[in-house]
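Asks: Protein chains in written order, with the UniProt record's numbering: chain D, 1 to 297; chain X, 1 to 297; chain P, 1 to 297; chain B, 1 to 297.
Honestly, the hints are just simulated from the structure, not real lab data. Source: prediction; values computed, not measured. Treat the hints with care, since some could be wrong.
Repeated chains share a single entry, so a pair holds when one copy, or any two copies, can fit it.
Pairs of lysine-lysine residues, derived as DSBU-like cross-links and limited to a Cα-Cα distance of at most 35 Å, are as follows [to be verified]: (1) 262 / 31; (2) 119 / 83; (3) 82 / 276; (4) 223 / 109; (5) 229 / 290; (6) 262 / 229; (7) 81 / 276; (8) 82 / 109; (9) 109 / 270; (10) 83 / 276; (11) 81 / 290; (12) 31 / 229.
Take a look at the letters that make up each chain.
4 protein chains.
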Amino acid sequence: MEINGVEIQDTFAEAFGIQVSRLLVTAATKKLAKIAATEATGYGTSVIGCPAEAGIDCYVPPQETPDGRPGYIIMICNMDKKKLDHELLERVGMCILTAATTAVFDAMKNPDEKMTTGKKLKFYGDGYEKMIEIDGRTIHSIPLMAGDFLVEEELGVRSGVAGGNLFIMADTPASGLLAAEAVVNAIESVPGTITPFPGGIVASGSKVGSNKYKFLGASTNEKMCVTLKDDVEGCQIPTNVDGVYEIVIDGVDEDAVKAAMKAGIEAAVKVPGVLKMSAGNFGGNLGAYKLNLHDLF
Amino acid sequence: MEINGVEIQDTFAEAFGIQVSRLLVTAATKKLAKIAATEATGYGTSVIGCPAEAGIDCYVPPQETPDGRPGYIIMICNMDKKKLDHELLERVGMCILTAATTAVFDAMKNPDEKMTTGKKLKFYGDGYEKMIEIDGRTIHSIPLMAGDFLVEEELGVRSGVAGGNLFIMADTPASGLLAAEAVVNAIESVPGTITPFPGGIVASGSKVGSNKYKFLGASTNEKMCVTLKDDVEGCQIPTNVDGVYEIVIDGVDEDAVKAAMKAGIEAAVKVPGVLKMSAGNFGGNLGAYKLNLHDLF
Amino acid sequence: MEINGVEIQDTFAEAFGIQVSRLLVTAATKKLAKIAATEATGYGTSVIGCPAEAGIDCYVPPQETPDGRPGYIIMICNMDKKKLDHELLERVGMCILTAATTAVFDAMKNPDEKMTTGKKLKFYGDGYEKMIEIDGRTIHSIPLMAGDFLVEEELGVRSGVAGGNLFIMADTPASGLLAAEAVVNAIESVPGTITPFPGGIVASGSKVGSNKYKFLGASTNEKMCVTLKDDVEGCQIPTNVDGVYEIVIDGVDEDAVKAAMKAGIEAAVKVPGVLKMSAGNFGGNLGAYKLNLHDLF
Amino acid sequence: MEINGVEIQDTFAEAFGIQVSRLLVTAATKKLAKIAATEATGYGTSVIGCPAEAGIDCYVPPQETPDGRPGYIIMICNMDKKKLDHELLERVGMCILTAATTAVFDAMKNPDEKMTTGKKLKFYGDGYEKMIEIDGRTIHSIPLMAGDFLVEEELGVRSGVAGGNLFIMADTPASGLLAAEAVVNAIESVPGTITPFPGGIVASGSKVGSNKYKFLGASTNEKMCVTLKDDVEGCQIPTNVDGVYEIVIDGVDEDAVKAAMKAGIEAAVKVPGVLKMSAGNFGGNLGAYKLNLHDLF
């Protein structure tokens, strides 16, 4: 299969179930909302080593938010509900509550259940907190030094999908990187998805375990390393490819992740030098979701 | 004491010892280095609830870095050396190694000891890693999908100072916020310091424990809340003040934190509406450092 | 009239007819499109002294552009059609054609007429230019050093409205400035409008002519200067107001400008410290449009 | 000559004399100063079609500015002194005076002469302006709606150098673009220089006149167009090069431009895929300066 002259490999991205929360962070200005959203979603590339997978989903203009102020929707994810509950409490409490002029609203449609983040954070008010209603939502108003922080009582959580992914294969590293940025730009406009790695882009591809160091749970996927093309047997990089980047996608459900993968492929094939689009899987035995690239179109 | 017509309260910031690391993140472009530095220092406002205190210290132009590429120096801090070792491993491994085109170099002068972050991360190369030398430093080159990640074998750590702080008291919330941004801008140019809260600014002031909820370790400092001025006995906010923001500073040593506090005060008093500068302490019994505001000048 | 406790003065913004163009600048990435859009709309606050009034209208995701790449819609305006034709040629030719990976498409709905910007620019190709079709549009492809620049043959122009405006009156300068930023954020989401001043915000208010210097066509409106409140007779600033900022809006038609003014007022009244919203006019004898604030609601 | 394995062609950049001004724009925050500096230097890539060549030279921290606030130094250039005088008046008057919280100071060392920009702008104060002294400088304080704008009475101008340049030749367009960004990052740290094109990068290379259209003063340099490699006789692009970008540099003097070119080459050769560095000239008969690449090292 080819799109715009670029080969789309007949393979699938192997994705996993994950617990996903989705919240709206508003502030007095777009810039202030971005600062809080960025702090709250940092150190959140992969649950392999980070306490959560997190990222900014999209911007919401003031005309469309419950409090009429500009905001960013962020997603925070963890395999484990209890850990997700903890992460919500700390990331909202330490990174958004502490930020200037912010408020937090639930933004998850069709949640499986609710985390009581706001209900727990209100105690920080030491008795001076108040319960109010905004747009039909139960909100706790907590007095802080600089003003009142608003947080919705409950934040919705649902079983989503992590590890949706695309491999971009290009003629040079720079072509791959430029295409990766274009892919991230395209996925930004797909609601209910994030690309949790730095700038949305993954420079490293891993394999499960290690051939040489038995104590390791994961190590570099040597068959996909551009600088090892001539040194490794069974290299999976085409001869004419010297730039490989991965995009990892988490979403509120399978459809969202698939829409993001589709948008990503359509963006990548428009960048000169992109030669092939592929995806990563582990043979299909680990993850619950097999997202076939050809089925996206 | 007055500077530029603004009262500088005769008080002190009570600061604490913390273990500090300081590393340089370089990349092909300034923008790519910033992306990695931001991801690695997110979720890092306060060790009360975050796994580390972290932030960007300063930009280093390509002319002054070991590999001749643009970079940002970041600081990652924790009270506990073992936890700091863990945070370095994960924040570098998950947030910088995974980012496009990056490298990591030690940037700590006069370290007390070294963490072997690079020495541990190299195993990710699964035998394909190489040891090289750059600028007299021992560097591990780890092949990744998109190219080779370079990381210095050891990263210096030293006993630094956390919790240096300033309270900005202004006529309105917006004046306080504008001054807070000006303070952060000024501290950016003081080497060896970070302002770890979102955008460098703290909207919430805490007290130890809680009057009403005995299970809480910390709660809002109701005597410093602008919206509780009329409701709380013993309110410590001057009558004409309605905007209060705090800046928290971590540094490699006491001198760096003091230089940052001085630069911060000098910036704040230039913003119209700033009426008083103060600092936060807990009576002087908790922290090892008492940084008196008047002694800064 | 009051909204959210803020007085909306019973007055009108006096606006003027202007010739407006609206074009879409796409590029390989969002960042590259922003760079070109910013360069092309600089030095474009007011035709009083700038060769055009110009600004960014909105971002368009790759899913919605003719070439499937991310883009920004910009507006370039001048009272005079011939001058606008010149500005289009130079701003597109010098600031977008020269920028990396860009293309330019018409984005004006219901134009009165067309400027042949693309038809003129194609000659730069010195015979190597080609005419192609994208999405039913006639496009010229001009070979450059770094690749081919695409530009639509004709760019639509119509009689729009300049000088729509709001005056924000707040308790302090910082409150006014924060509100101004919030207003600009809100207007960003109103299609067909720009706020051409730096960051969308005007710090200076002018009157026609000068009392003291007869050679001047415009001078500071001393009755609206916060630092002259006690020195000028007939000062029009309320006693409790010390922060005044203006937002100037240009739009493709009267409805767009009115929608922007409405969105701006709704955003401003949510910022603490905003006491009154007003607008600027010259008695109603100069501009063709009288946009009454009360009529917006 | 080779640096880091990249061929440095034995050629020279042909540069021209230009009148250069250099001013410092300060504001309450770094962000506000950047907004004004960006607006004032827009529409300023080349005097061929723009009313000036303009750009941001560098950031100056509050500790080093006359008014203790953060600022950006910008440069505004024109071949003609009278036109430069006009541009200074309009760009400062329309794009900086109108911006929130700004001030303007002279930042030109060793000027040949002075433009009386501040002396002319003061009349806008309509008699309410005041002359003050800051740091030994004569400053006019002009009351505006939002506060007082400060501008130095005279701004220094000197004979500088325009059109210093580098050609980056890389394996692919994306490699060339990434290297171009790295070059711009490096030149940012060379004081007294700007890269006036969008993002500092030029995608188009021109030749004087046109072969086909006699009415044109300049047209695409078809021998340097990557997409015409197979179609044009005498193509000057090496066979293995498919990415060509140019960096144009203006500076306060020849030494500054040479330092920028040197820094640019050193940055470019570190980007994978860069194959050759060259420069543009017109045979040496047009410009007064011949900046030989080999002489830089």
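Asks: Does the structure break any of the earlier hints, and which numbers would those be?
Replies: 3, 4, 7, 10
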